[in-house]
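Dock chain B with the ligands against the given chain A, drawing on the hints supplied.
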Amino acid sequence: MNIITINNLTKIFNPNSKSSRVTALNNFSLTVNESTIFGLLGPNGAGKTTLIKILLGIVFPTSGTAEILNKKIDDYLVRKHVGYLPENHKFPLYLTGEDVLKYYAQLSGCSKEGLQEKIDSLLKLVKMYKWKRTKVKSYSKGMMQRLGLAHALIADPKIIFLDEPTDGVDPLGRKEIRDILLELKSEGKTIFLNSHLLSEVELVCDRVAILHKGSLVREGTVVDITTQKEIYEIKINQKLDSEIVRKSTEGFSFSQKDDYTLHLKVESPEQRDKLLDKFRQNGISIEAMLPLKTSLEDMFINLIHETDNREDNE
Amino acid sequence: MNDIMRNIYLITILTLRETFSRKIFIAFFAISTLSLITMGIILASVDVESFMSFFGQKAQNNEIILSEILSGLKLMIVSPLFGFGLFLSIFSVSSLVPNMLEKGNIDLLLSKPVARYQIIIGKFLGGTLVVFINIAYLVIGMWILFGIKFGIWETAFLYSIPMITFTFAVLYSLIIIVGILTKSSILAMMLSYIIFIIISPILAFRENFYPLIDSKATEIIIDVLYYIVPKTSELGTQMSDLSISGGIDDFQPILTSLAFMILILYFSIIIFNKKDY
Ligand SMILES: Nc1ncnc2c1ncn2[C@@H]1O[C@H](COP(=O)(O)OP(=O)(O)OP(=O)(O)O)[C@@H](O)[C@H]1O
Ligand SMILES: [Mg+2]
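Protein sequences appear in the order of chains A and B.
Sequential numbering of the first sequence, starting at 1, is according to our numbering.
Sequential numbering of the second sequence, starting at 1, is according to our numbering.
If we strip away everything but chain A, and leave its shape as in the complex, we get (with noise of 0.2 Å):
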């Protein structure tokens, strides 16, 4: 079942000024199973707030629909069951972490029955119930992180959305959330993970997004995206410079790694062959040759740079 459903939603900010007018989103379209654990990646200014922010009515899209558990996001209510850990979240600092939960539970709508036992565990959880009494004015950037994490289970949400969740965690800590966010899917819970660090979303994402420049540049299983195109590690015995190394890789996309290797990345093993054999119609042999898998990281990067080639050349 489709838990989020994003129809075209485009988002102008200061449409009216010429300075400052900026696309956020563009026409993106998405839709996320349930019990999933999606993530949304791109570079810094991509859109991947404002996208969250849109499903939670906090920014209004300029145009396009999009729906949550199959009710519109304008309906206040679906956030009943939403959880929400927000970038740099400032929670009031004249509450403990205990009031923190309690207060943010009992505006989501839960019960007073039974709240006390869910604060103590989820506290204990994400490692803050010794802190419980402590005021949020005095707790570290970690701490507020994994007080937010406990926040956005509070109300034992079918969908979470969270925004660079190990943010200012330490490697132990992110561990323990990549363990809690598991054990949350496996309860059949659905989370929508912004995030940069894309070693992390490898270990726990089962779908990925790529998100540049407001814009959907790619989609689908971690799997696929990190093998889709692979790219082959070939040493040749003359310099890449050579006119004749020019002359037999025109028309195929390469990259230098120094004077005698190139990476190239090929669609079809077909194509990775006419290489190979247009280097020896020239007399160049063929000293190693390697495939290399690529990571989701380096497939990022390369994605990125990309499309804004594409963009610059045109």
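None of these hints come from the bench; they were simulated from the model.
One or more of the hints may lead you astray.
Partner residues aside, some chain B positions facing chain A, computed with beta carbon under 7 Å [stated by the list, open to error]:
no.: 1; residue: L10
no.: 2; residue: S21
no.: 3; residue: D107
no.: 4; residue: L108
no.: 5; residue: L110
no.: 6; residue: S111
no.: 7; residue: K112
no.: 8; residue: P113
no.: 9; residue: V114
no.: 10; residue: F146
no.: 11; residue: D276
Below, simulated PhoX-like cross-link-like pairs (lysine-lysine); rule was C-alpha separation at most 25 Å, straight line [as the list claims (entries may be wrong)]:
no.: 12; chain 1: A; residue 1: K185; chain 2: A; residue 2: K124
no.: 13; chain 1: A; residue 1: K141; chain 2: B; residue 2: K274
no.: 14; chain 1: A; residue 1: K72; chain 2: B; residue 2: K274
no.: 15; chain 1: B; residue 1: K183; chain 2: A; residue 2: K18
Glycine is no exception: its CB is placed at the ideal position from the N, C-alpha and C atoms.
Structure of chain B with the ligands alone, referenced to chain A:
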């Protein structure tokens, strides 16, 4: 319906807690307490008998004279109370809305199943309740001191509680809308003070300037302005009258100020409903 009331209640309570946690509120409370103590000391040191002979009256109709003197005394207390109470009240609530709209805080609120109008109403009620509590403390304190000293327990004096609170609420609606539009507590505060200290008193006395003005059009503009701007100055005068005689002769200032408040709150909600955060 239940949910709506609960949301408004929760926002109101959070607003109360926020104000209680701030130094300015504690200062407000401390100043009120100090005023009560000072008043108590002054009252304790005067002797009712000699007090009256000072005014040259032989105690024939003691009760009437006493209450007349009391009226004068009350006026001396009530008017500054109005100015002073409002001044502090405005000061202590002007940052409520800008604080709420701070990045990272407003996101948390808006992502909850709470409608935006509920947030505004909650903020309004919370701020008004804080001021009500404080003013009530101050006024009831004075009332008790007077009662103990002179043995007269007139309830009229207590009318200054709703009157000050109401005048505050009218200005508070302005603070809310300026807060939403500019996120600036200073601007909100300044505008309220300007209306309270300068514009409203001038407009209240506008008829005295009319001989100086040649053009009829200017007079009409000033008249229109008079009806639009909250009439804090007249509300103050009415409060003094009310706490002495117990009556209001003209309801126009109250009604037009009330209309102003409701309209401004309504516009605040409309604007808030459209804003991105
Ligand atoms: N309230 C706003 N008013 C004007 N412009 C905004 C507003 N919020 C975001 N933007 C702009 O929209 C674009 C997308 O911002 P957004 O915060 O969604 O990016 P992001 O992908 O979350 O970035 P990051 O990874 O740095 O968190 C940016 O260019 C930003 O300047
Ligand atoms: Mg962001």
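Exercise. Straight-line Cα separation of K185/A and K124/A no greater than 25 Å?
Worked result: Holds, at roughly 19 Å.
Exercise. Can K112/B be said to touch chain A, with a Cβ gap under 7 Å?
Worked result: 4 Å, holds
Exercise. Regarding the pair K72/A and K274/B, is the alpha-carbon distance no greater than 25 Å?
Worked result: 17 Å, holds
For this session: With chain A as the partner, please determine if S21/B meets the hint condition of a C-beta pair closer than 7 Å.
Result: At about 4 Å, which falls below the 7 Å cut-off, the nearest Cβ of chain A leaves the hint on S21/B intact, so it holds.
Exercise. Holds or violated: are the alpha carbons of K141/A and K274/B at most 25 Å from each other?
Worked result: Given that 25 Å is the threshold and the Cα spacing comes to 32 Å, the pair is violated.
Exercise. Does the nearest C-beta of chain A fall within a distance shorter than 7 Å of the C-beta of L110/B?
Worked result: 5 Å, holds
For this session: So, L10/B near chain A? Judge it on the closest CB pair being under 7 Å.
Result: Because about 5 Å separates L10/B from the closest Cβ in chain A, which is inside the 7 Å limit, the hint holds.
Exercise. Taking 7 Å as the limit, does the beta-carbon of L108/B come near enough to a beta-carbon in chain A?
Worked result: 6 Å, holds
Exercise. Should the hint that D107/B touches chain A count as held when the rule is a Cβ pair under 7 Å?
Worked result: Check passed: Cβ of D107/B comes within 4 Å of chain A, closer than 7 Å.
Problem set entry | Status of the D276/B interface restraint (C-beta, 7 Å, chain A) | Result: holds, 4 Å to nearest chain A Cβ.
Problem set entry | Status of the P113/B interface restraint (C-beta, 7 Å, chain A) | Given a least distance of 4 Å, the restraint on P113/B holds.
Problem set entry | Restraint satisfaction for V114/B [CB to CB of chain A, less than 7 Å] | Hint holds; V114/B Cβ to chain A Cβ min 6 Å, cut 7 Å.
Violated hints, listed in ascending order, are 10 and 13; each of the other numbered hints is respected by the structure.
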